[in-house]
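So the sequences go chain by chain: H, D and L.
Reading the first sequence from the start, the letters are residues 1 to 271 in the working numbering.
Reading the second sequence from the start, the letters are residues 272 to 574 in the working numbering.
Reading the third sequence from the start, the letters are residues 575 to 938 in the working numbering.
Where hints are given, some of them may not hold.
Said to hold, decoys possible - Okay, the calculated bits of chain D under chain H, using three or more residues with CB under 8 Å as the criterion:
(1) 283–290
(2) 332–342
What the hints assert, rightly or not - Below, a list of computed lysine-lysine pairs in the DSBU-like style, where the Cα atoms sit at most 35 Å apart:
(3) H:Lys133 / D:Lys387
(4) L:Lys761 / L:Lys652
(5) D:Lys345 / D:Lys522
(6) L:Lys761 / L:Lys685
(7) L:Lys685 / L:Lys652
(8) D:Lys345 / H:Lys14
Unchecked claim - Covered stretches of chain H, going by a simulated chain L footprint (3 or more residues, C-beta under 8 Å):
(9) 156–165
(10) 179–189
Just so you know, the hints here were simulated from the structure itself, not pulled from any lab data.
Cβ atoms here follow ideal geometry from the backbone N, Cα and C, with glycine treated the same way.
Below are the chains, spelled out letter by letter.
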Amino acid sequence: MTMRDTTTGAVVTKIGRYTFLSVLLGFFALPMLWLASAPFNAHPTLNVSISSFTLHNFSVLLKDPYALPSLWNSLLLAGGTALLTVGFAAAAAYALSRVRVPGRDGILYALLLLSSIVTGTAAMVPLFQLAFKLHLIDSRLGVILVFTGGLIPAAIFILKDFTDSTPKSYEESARVFGATPFQIIRHIVLPLIRPGPVVNVWGSFLIPYILVRNPDKYPAAVVLYTFYTEGGQPNLALISAFSLLYSIPVILLYLFVSHRYGFRFHGGIKR
Amino acid sequence: MARAASPAAAEDPAGLGRARAAGIAAPALLVVLAFLVFPALWTLYLGTTNYRLTGFAARHPHSVGTDNYTNVVKDPAFHHSLWLTFEYVLGSAVIGQALLGFVIAWMLRDAAGWLKRLVEALVLLAWILPSSVVAFLWVALLDRDAGTLNTLLHTPGTAWAIEHPMSTIIVFNIWRGTAFSMLLYSAALTGVPPSQLATARMFGANQWQQLRDVVFPHIRGHILTNLLLISLWTFNDFTPYQITAGGPDDKSDILPVYIYRTALFDGQMGLGAAISLLMLVINLVVALVYLRLLRERRLERVV
Amino acid sequence: MAQIRTVDLTKTFPDAAGGVTALDALTLTVDDGEFFALLGPSGCGKTTLLRTLAGLETPTGGAVHIGDADVTHTPPGKRGVAMVFQDYALFPHMTVTENIAYPLRVRGASKSAQREAVLAAASELGLTGTETTVGLLDRRPGALSGGQQQRVALARATAANPTVFLFDEPLSNLDARLRLEARTFLKRLQRELATTTVFVTHDQAEALALADRIAVMQSGRIRQLGTPREVYRRPANTFVASFIGSTPMNLLEGTVRDGRVLVADSEIARPDGTAGLVADGTQVVLGARPEYFRVSPAPLGGAFQGTVAVVENLGSSLLLTLDVAGTPVQAVVGEEDEPEPGATLWALPRQDRTLLYVDGELVG
Numbered sequence: 001m002t003m004r005d006t007t008t009g010a011v012v013t014k015i016g017r018y019t020f021l022s023v024l025l026g027f028f029a030l031p032m033l034w035l036a037s038a039p040f041n042a043h044p045t046l047n048v049s050i051s052s053f054t055l056h057n058f059s060v061l062l063k064d065p066y067a068l069p070s071l072w073n074s075l076l077l078a079g080g081t082a083l084l085t086v087g088f089a090a091a092a093a094y095a096l097s098r099v100r101v102p103g104r105d106g107i108l109y110a111l112l113l114l115s116s117i118v119t120g121t122a123a124m125v126p127l128f129q130l131a132f133k134l135h136l137i138d139s140r141l142g143v144i145l146v147f148t149g150g151l152i153p154a155a156i157f158i159l160k161d162f163t164d165s166t167p168k169s170y171e172e173s174a175r176v177f178g179a180t181p182f183q184i185i186r187h188i189v190l191p192l193i194r195p196g197p198v199v200n201v202w203g204s205f206l207i208p209y210i211l212v213r214n215p216d217k218y219p220a221a222v223v224l225y226t227f228y229t230e231g232g233q234p235n236l237a238l239i240s241a242f243s244l245l246y247s248i249p250v251i252l253l254y255l256f257v258s259h260r261y262g263f264r265f266h267g268g269i270k271r
Numbered sequence: 272m273a274r275a276a277s278p279a280a281a282e283d284p285a286g287l288g289r290a291r292a293a294g295i296a297a298p299a300l301l302v303v304l305a306f307l308v309f310p311a312l313w314t315l316y317l318g319t320t321n322y323r324l325t326g327f328a329a330r331h332p333h334s335v336g337t338d339n340y341t342n343v344v345k346d347p348a349f350h351h352s353l354w355l356t357f358e359y360v361l362g363s364a365v366i367g368q369a370l371l372g373f374v375i376a377w378m379l380r381d382a383a384g385w386l387k388r389l390v391e392a393l394v395l396l397a398w399i400l401p402s403s404v405v406a407f408l409w410v411a412l413l414d415r416d417a418g419t420l421n422t423l424l425h426t427p428g429t430a431w432a433i434e435h436p437m438s439t440i441i442v443f444n445i446w447r448g449t450a451f452s453m454l455l456y457s458a459a460l461t462g463v464p465p466s467q468l469a470t471a472r473m474f475g476a477n478q479w480q481q482l483r484d485v486v487f488p489h490i491r492g493h494i495l496t497n498l499l500l501i502s503l504w505t506f507n508d509f510t511p512y513q514i515t516a517g518g519p520d521d522k523s524d525i526l527p528v529y530i531y532r533t534a535l536f537d538g539q540m541g542l543g544a545a546i547s548l549l550m551l552v553i554n555l556v557v558a559l560v561y562l563r564l565l566r567e568r569r570l571e572r573v574v
Numbered sequence: 575m576a577q578i579r580t581v582d583l584t585k586t587f588p589d590a591a592g593g594v595t596a597l598d599a600l601t602l603t604v605d606d607g608e609f610f611a612l613l614g615p616s617g618c619g620k621t622t623l624l625r626t627l628a629g630l631e632t633p634t635g636g637a638v639h640i641g642d643a644d645v646t647h648t649p650p651g652k653r654g655v656a657m658v659f660q661d662y663a664l665f666p667h668m669t670v671t672e673n674i675a676y677p678l679r680v681r682g683a684s685k686s687a688q689r690e691a692v693l694a695a696a697s698e699l700g701l702t703g704t705e706t707t708v709g710l711l712d713r714r715p716g717a718l719s720g721g722q723q724q725r726v727a728l729a730r731a732t733a734a735n736p737t738v739f740l741f742d743e744p745l746s747n748l749d750a751r752l753r754l755e756a757r758t759f760l761k762r763l764q765r766e767l768a769t770t771t772v773f774v775t776h777d778q779a780e781a782l783a784l785a786d787r788i789a790v791m792q793s794g795r796i797r798q799l800g801t802p803r804e805v806y807r808r809p810a811n812t813f814v815a816s817f818i819g820s821t822p823m824n825l826l827e828g829t830v831r832d833g834r835v836l837v838a839d840s841e842i843a844r845p846d847g848t849a850g851l852v853a854d855g856t857q858v859v860l861g862a863r864p865e866y867f868r869v870s871p872a873p874l875g876g877a878f879q880g881t882v883a884v885v886e887n888l889g890s891s892l893l894l895t896l897d898v899a900g901t902p903v904q905a906v907v908g909e910e911d912e913p914e915p916g917a918t919l920w921a922l923p924r925q926d927r928t929l930l931y932v933d934g935e936l937v938g
């Protein structure tokens, strides 16, 4: 008798659970449906439909003088920022993790504090000015440096935690075999700390939007915005196709990361 | 084993030495100094000037003392914006993302592999797509004439973003940012010893009692961390500008949007900097609480 | 091939309370080709000593000699030592081959020399595979079992062709069954290579089984140095006595009277070789290993009389805990002699294997 009760209860729980999960899937999928359908629609509207399949939108996009270069530009900006951030941060994180540099704890504390409070939004005004004064306003390097400065502290923190949790016996072992410090870094340390989270660099709209004024250096985020506003009427064919193209690198990166490392927290955030 | 007795053992395992270590750390610190520390200090200075983007004051800004600050603090538009920001952070982050993130993590804890991967992939996708793309997806979703939502709900002609601007950006931000809470909570839940849950179940505890007596005590620290971080990020989030542009009639004029419009749209850089500084102060308070917490937890781990 | 000598070796770690002394003026010689164990509880300084020999710690005072050279200030890579870490420290991003070749790669050896050394070391340690087993050389450490990882770590150390091996808890990461197998393997390997080897362990059985000589350490000092037989038979002090032996030695407080030892209301014969060394009335500790008792249900002269409190089955034998006038005394009997709990028994320690300690130090 009690058996049956628990079984009925379990079924109800199960139904409730799957209903909730279905609604949840719907909620998260709904906005993305348009991204999957409109680019292939001959007459895209803001509605989701795939009445007439076409790749025409993409060929229009390819002819647009700004679209592809801006996408390339975005890739360069993001890639440059990611490289610079991870490179600098990894070096600093390693040194701070393994060697008792004087004032180490203070430096880490200050870094963490700074990165949390000086956000792109809050420091919008001085960043704009700084770039203006340094004549970096239209330069790729300027944008990259500003991004890098903002991202380094968190990256140092995560990578330091990661290094802290990596056994020191790896380096010691290599050292006993006679490896020099730089050999140890090249052969052992770099490969060990290679998994670095670089996903978040991309697609940030604000700072490139403020800093970059010259159309041929527009990153993709800005170009998308001009498609939307230019001439009052949004060019849906261009926008949808461009959005999809713009999203592809991020999706690929996600697939790569989740396949290779599992999209999980490690180091800094997992505590 | 025996290493526990050697407190300072194994410093510098690669034999770098302090000088080389400092050299390795220097580039990162210099970039941070130039592009993070300096702007923060510059904000402090700018806030005391009448600096403008264009015109005479652009070339010859002069000090106006604390005028900017007193003006801001007295400005009803600022109060309005602050209140909206509070609603936005509370609704979308503290309640929306944190709660939904936990529920998803809890439900997926022992779900089938494919289901887990599917849900996680979708939630994560919402988090990692470029902001401008995401903003446009929502514009398309909510459009008055041809939006997907109106078709779905049979409510043609409803302009969601205009009629309910705050609700719109709150729901949007829940959609956008729940992934972080979900990830953090699923990592935290793996740290709850299954044996303790099993023990509770064996004594007949129901789901809620298991959550209250076993799960929450274990992840209390994670919950606080999560709340502080997502509040901080949501507070500084500029993306809503791309959906409602602060409107209509300033009805969704949250602080980042307010600063943007004041400083770069209206060109009142000095005034914008003054508001920025207030924002930095709020960030500082939250960050200090967060770091305090982090430090306590580290000590706990050592003990 | 080399001898290791330490002279007044001292290491203090700074800390808030003024410093922790991990090594306290240690002077020690490890002979050429010897298999030498550093044994002791956590925090006794054994790992610090090993790491100081490797050069990973710099001593606060004293000197380390390997062979004819004073290596006190020589960096680790130039000492001709190879170390196997407790966690093996196999580089996870390199294959087994690359791991084993690493010592040669660092020295800039040619590819062919590397290959040769890898093959030699790998076949020595049974990693190349036979007709029935698959070779492990192309795998990554993550795909290996604990025992295989240990062999790879040993192969890598062998490939370095060192004059001294240093092993930090070499068997502690293996499960119980594998550990015995690996122990035999390790001893055979050391015999074949005949390379001076120092290893650290907290497991007395491991030290007894493997080592030619053992240094038992406590608080940065050596409490006894000797062969496994010496250390087991005649522990120099009660610390070593209580640390060595899989069933701990009975250490019973008593007094000497008329050439006998009065302990737990029983009069026990004085241990051999202590005649005339201890005055009447001296407070002593009588040491008697449970393995060296004659146990009988009938009265025996000069024996402990007690009731059986606990019987533990050890497989081929039984460990009895007797209640002797309120003092627990343990004795091992054969599997066929299982008594009922509560039974009265007489337990007579072998006079030639009992020991006498005064102020914690062995008499005689």
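Status of each hint after checking the structure:
Proximity of the stretch 283–290 of chain D to chain H, defined as three or more residues with a beta carbon under 8 Å from a beta carbon of that chain, is established by the 7 residues found. With 0 residues bearing a CB less than 8 Å from a CB of chain H, the stretch 332–342 of chain D misses the requirement of three and the coverage assertion fails. Straight-line distance between C-alpha atoms of H:Lys133 and D:Lys387 comes to about 50 Å, which puts the hinted pair past the 35 Å bound. Only pairs whose Cα atoms come within 35 Å are accepted, and L:Lys761 paired with L:Lys652 is accepted, the gap being roughly 26 Å.
Taken as a hint, the D:Lys345 and D:Lys522 pair is honoured in the structure, with Cα atoms around 19 Å apart against an allowance of 35 Å. As the CA atoms of L:Lys761 and L:Lys685 are separated by approximately 31 Å, the hinted pair is consistent with the 35 Å bound. Of the supplied pair hints, the one linking L:Lys685 and L:Lys652 holds, its CA atoms being roughly 22 Å apart against a limit of 35 Å. About 55 Å separates the Cα atoms of D:Lys345 and H:Lys14, which puts this hinted pair outside 35 Å; it is violated.
Taking a C-beta to C-beta cut-off of 8 Å, the stretch 156–165 of chain H contributes 0 residues in contact with chain L, too few for the three needed, and the coverage statement is violated. Beta-carbon proximity to chain L at under 8 Å applies to 5 residues in the stretch 179–189 of chain H; the threshold of 3 is reached and the given coverage holds.
Violated hints for the displayed structure, listed by number in ascending order: 2, 3, 8, 9.
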